[in-house]
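Protein chains in written order, with the UniProt record's numbering: chain A, 1 to 635; chain W, 1 to 635.
Errors might be hidden in some of the hints.
Claimed, not checked - If we take Cβ atoms under 8 Å as the criterion, some of the chain W residues that face chain A in the derived model are:
{"#": "1", "residue": "Y461"}
{"#": "2", "residue": "H510"}
{"#": "3", "residue": "Q556"}
Said to hold, decoys possible - Calculated cross-link-like contacts (lysine to any residue; reagent style SDA-like; alpha-carbon spacing at most 25 Å):
{"#": "4", "chain 1": "A", "residue 1": "K25", "chain 2": "A", "residue 2": "D66"}
{"#": "5", "chain 1": "A", "residue 1": "K356", "chain 2": "W", "residue 2": "E596"}
{"#": "6", "chain 1": "A", "residue 1": "K432", "chain 2": "W", "residue 2": "K432"}
{"#": "7", "chain 1": "A", "residue 1": "K598", "chain 2": "W", "residue 2": "E596"}
{"#": "8", "chain 1": "A", "residue 1": "K356", "chain 2": "W", "residue 2": "Y588"}
{"#": "9", "chain 1": "W", "residue 1": "K432", "chain 2": "A", "residue 2": "E176"}
Quick caveat, the hints were computed from the structure, so don't treat them as lab data. Being a predicted model, the structure only gives us computed values, none of them experimental. Ideal Cβ placement from N, Cα and C applies to all residues, glycine included.
2 protein chains.
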Amino acid sequence: MNKPTSQAEFATPRVTTGPLPASQKVYVQSDRFDDVAAPVRYISVHPSANEPPLPVYDSTGPYTEDGFEAAVEQGLPRKRTAWILERGGVETYEGRQITPEDNGGATGDYLARAFPRAHSPMREVEGGDGKARLLTQLDYARAGIVTKEMEYIAIRENLGRRQAAAHAAETLADGESFGAEIPEFVTAEFVRDEVARGRAVIPANINHPEAEPMIIGRNFLVKINANIGNSAVTSSVEEEVDKMVWATRWGADTVMDLSTGRNIHNTREWIIRNSAVPIGTVPIYQALEKVGGVAEDLTWEVYRDTLIEQCEQGVDYFTVHAGVRLPFIHLTADRVTGIVSRGGSIMAKWCLAHHKESFLYTHFEEICEIMRRYDVTFSLGDGLRPGSTADANDRAQFAELETLGELTKIAWRYGVQVMIEGPGHVAMHKIKANMDKQLKVCGEAPFYTLGPLTTDIAPGYDHITSGIGAAMIGWFGTAMLCYVTPKEHLGLPDRDDVKTGVITYKLAAHAADLAKGHPAARLRDDALSRARFEFRWEDQFNLGLDPETARDFHDQTLPKEAHKTAHFCSMCGPKFCSMKITQDVRDYAGGLSDNERKALEEMSEEERRKGMAEMSEKFEEGGGRLYVSAPGAGS
Amino acid sequence: MNKPTSQAEFATPRVTTGPLPASQKVYVQSDRFDDVAAPVRYISVHPSANEPPLPVYDSTGPYTEDGFEAAVEQGLPRKRTAWILERGGVETYEGRQITPEDNGGATGDYLARAFPRAHSPMREVEGGDGKARLLTQLDYARAGIVTKEMEYIAIRENLGRRQAAAHAAETLADGESFGAEIPEFVTAEFVRDEVARGRAVIPANINHPEAEPMIIGRNFLVKINANIGNSAVTSSVEEEVDKMVWATRWGADTVMDLSTGRNIHNTREWIIRNSAVPIGTVPIYQALEKVGGVAEDLTWEVYRDTLIEQCEQGVDYFTVHAGVRLPFIHLTADRVTGIVSRGGSIMAKWCLAHHKESFLYTHFEEICEIMRRYDVTFSLGDGLRPGSTADANDRAQFAELETLGELTKIAWRYGVQVMIEGPGHVAMHKIKANMDKQLKVCGEAPFYTLGPLTTDIAPGYDHITSGIGAAMIGWFGTAMLCYVTPKEHLGLPDRDDVKTGVITYKLAAHAADLAKGHPAARLRDDALSRARFEFRWEDQFNLGLDPETARDFHDQTLPKEAHKTAHFCSMCGPKFCSMKITQDVRDYAGGLSDNERKALEEMSEEERRKGMAEMSEKFEEGGGRLYVSAPGAGS
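Bound-form chain A, shown alone:
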């Protein structure tokens, strides 16, 4: 273990804990497994509403438990270890030695302190002895075995479906899912079947037992990912751990650590040990650091070593740009923005420098063999994604996507779970083609897209230019949306940017669930709308994605506590409030008898006929004829 030379500089990460407003975290017990209970957040509303607490999906981990004390130097409880051991087929071993290169050669004060507790890694026992290998969630799913992870997921995905049951059929009918098969209720068997078919993934490295199982698939709630990570230029371990917890507090379903530069290994260890959500990385970033940042010096051996390092640490999914093949690279030469994926451009440079096919492609099966032993999921990277709307949907992009389809089938043979990364920058009219092609060539493996950004002209607002594309492609069938923050293209996101990015993507993902006709999605919209209509201000804040900001905005105009219960708002003022008037209208109209309604319509129909008659008379007398001969008249 590294000596804690930089302890002086190293403040133990502080993270945000405590329940969200009016919320209680509940663990719903499985009636199938005694040691499986999945989290649901219940939001309480004012008694006057006479409504039960609203269940919402919860990605926050134990940090939002009432009275939870974060012990960041301990890491989170490793609950899933018991499940993995009881399934068997794994061995604990010493694992790879950490080298200075793993931290970019950082020494002395530049070396971030290592995480205080060491854990020996687990891996699948050597297979190939003739009997079926069972390690990954995909292995078990295909073997017809429901894992505890699958049961856990079924429980947490089901929130609100009982309440929704009443109008479930109606809302399902109401949506347009473009061929998705969203069930009225999620059973563990349904989870198993979707995983077996490769239509969903459960990113769950056996060396990340702190993580709460979650699923990414078109027939489940649309998920979002938040990117964090330091760079050679800026930011520290403390900030990144805080950002990770902060991102999940607001709803990030997974977090990618995209650190570059120094201290990659130690930063990642602190993050994983404290993360209740799956962690993804792009191993080529660290491999590049190990060779001093010179792409040409990369080798399969260095990359392989990095994969194993990260498998042992517990990374849940790897972005692997194995689709950036030598013959595709020159297809990007005439683009406005060439190759903008970091991983993609590194591999492109390597291929050209050596005039060889990418080692990620030629060694793909060895990569599968390594990843399956830890149940690390592929996120096949789109290294040739468009970096501008001008380059969207071109030959380079789609040639790579077709290759990712080939690789998906190979990975599946090895029992490795797969999702596919997508663009990028795509104008609205070109978005659906991306989804359709991905479904077609990648065997319905989950699509995981960055945005897409629907225009390039709003730096500083790319969480919005991309939130538009994200909501649309989520509706079309994308399973997970990678957030974009306001700092995209400009700088590294800070804490506030992370929150803005997460909330923006949560609302985009929810808009997609609504449009797909998810049976439970509407419950939250309707509950909040009722609160709004009934002037339950506190409920309106608390049912929203960001109660703190909503309350703050309200208080900027009407600070007084009294106003929180006032039956008016600052937009209209006390005397003049549409919602108040509407309540009167409702009382009145609600009281009409059928006869009265009939009479009403007859009366007004008559008036209408009379009105129309008068109108046309006047038209004949008056100016009407004068326009008859006018050119181009449309009326």
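Since the structure of chain A is already known, use the hints to place chain W on it.
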């Protein structure tokens, strides 16, 4: 004129002036009319780019001229007066006396100072003497006459089309316009024809000669509106004038003054006299103030008086909720959020209280007669729009829309221009139905929508929940998008909220133009993308919608001036930059001969075949067969 009792409290409004970064405002001279020159903003880029300045549409008025001195107490120059007088058919008259009721009975220190300069209003001379009445832009368009306003609009809408000509065909082919007929070049004749057909409107009250002519129609650039206005609870005249100028600085094409409470008349006068964009209002708001805020006490006479008051002041378009008819009101009784339109709920209450059809509907033709004499455009209000996704596309909403279609045809007979207001809160899968129905029942009159919000669960972020819907419905054919600010549902927007709302809607409108295949829309995206690719940081900021925020975000991470020209950014750091690598790749790939390319592909194809062969061998030996019998296997 009111005595300036409250002058002490009244600070002369301060407004923001001066050019935007790297921008020059140019007035492009018409070769058809000597006294017509329309504004275009040219954004200069770094000499190294070797690109001409980029023309962008400019809504900012003279405030962004170099060295312009705002004289808010004078108001803007009344350039259009000469055009109106030379066309003839108008008379100047004394106009209606301003009464205390016009300012909500405000007196003493509560009365905001009146605008210092009085102008006598103009109106159409009494018609009906048998000869064709020519006053409104629609009259002239139908008569085959191109007005100076139409020429002005043709010039300002055409920006960049010459540059675009090269790939115009390509980009047009590239888009999906859902039946719009966007021309490669905009001529004054095209403008005239679109107005004559009722497919576009030019909101231009003859008493608002300070305004720069602009057009709202599906075959022109998508426009945006910003709402401002004080309320009984908060905000002042000074703030509202400042907000109006601020909103147009960032791109608002029209501004609606939704003031309620006191000082409505005086606030509006300050706004109109200083506004270079069309101003819209909802006259029923002021009428309600005149009867003490009691909806039942409204009368046709009070409303009529208010219309004339506002026509004489120069309001360019009126929201009139004439589609809220007695027989539709009870259709809202079972809604989750009833009637949320303020105007709609006022009229609903009136109808029920008197048990009569709406006076806006029964007196619709008199309203037309009044509005045509000043060329005020209708914005037929959607008083029954859904206030929650739960209520979207219901019978009440569509019954009203059908009525607006009837009224459109009546208004057209009177030579009054018409646009139609749309929702509201609509989940993504229900948006297109709104556009399709509006086109069908309203004779292609321009659609003007508020958002729509695609989910209800994000108070504090409704500029984004609605920006998603706005971009989509703009793509489908909506001509103008009414912005929503982060304060929607929570409070009155301040200066920052106005800017955020405007920028969000500018990017949504632009995303729509791109997707429609507007021939010039891509120019700005491509210019910015080139700047991004070439690390021209200043250009990237200046070509964006909000250069100040982009620069600020960049500087938060890399403050040093040096970094503005650095060939790397904070996300990757100096050693490790995808864009830099891509430039190398491009140099290399760009230099490949056809033979070399061929060789490349053959080589890699061979490798690929070899690879695949190995893979399947291994598959046969190895785990492959083990999964064959597995249930549900998708590979």
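For each hint, the structure was consulted:
no.: 1; hint: Y461; in the structure: 6 Å, holds
no.: 2; hint: H510; in the structure: 5 Å, holds
no.: 3; hint: Q556; in the structure: 6 Å, holds
no.: 4; hint: K25/A / D66/A; in the structure: 8 Å, holds
no.: 5; hint: K356/A / E596/W; in the structure: 13 Å, holds
no.: 6; hint: K432/A / K432/W; in the structure: 15 Å, holds
no.: 7; hint: K598/A / E596/W; in the structure: 81 Å, violated
no.: 8; hint: K356/A / Y588/W; in the structure: 14 Å, holds
no.: 9; hint: K432/W / E176/A; in the structure: 12 Å, holds
In terms of the numbered hints stated before, the structure departs from hint 7 and from no other.
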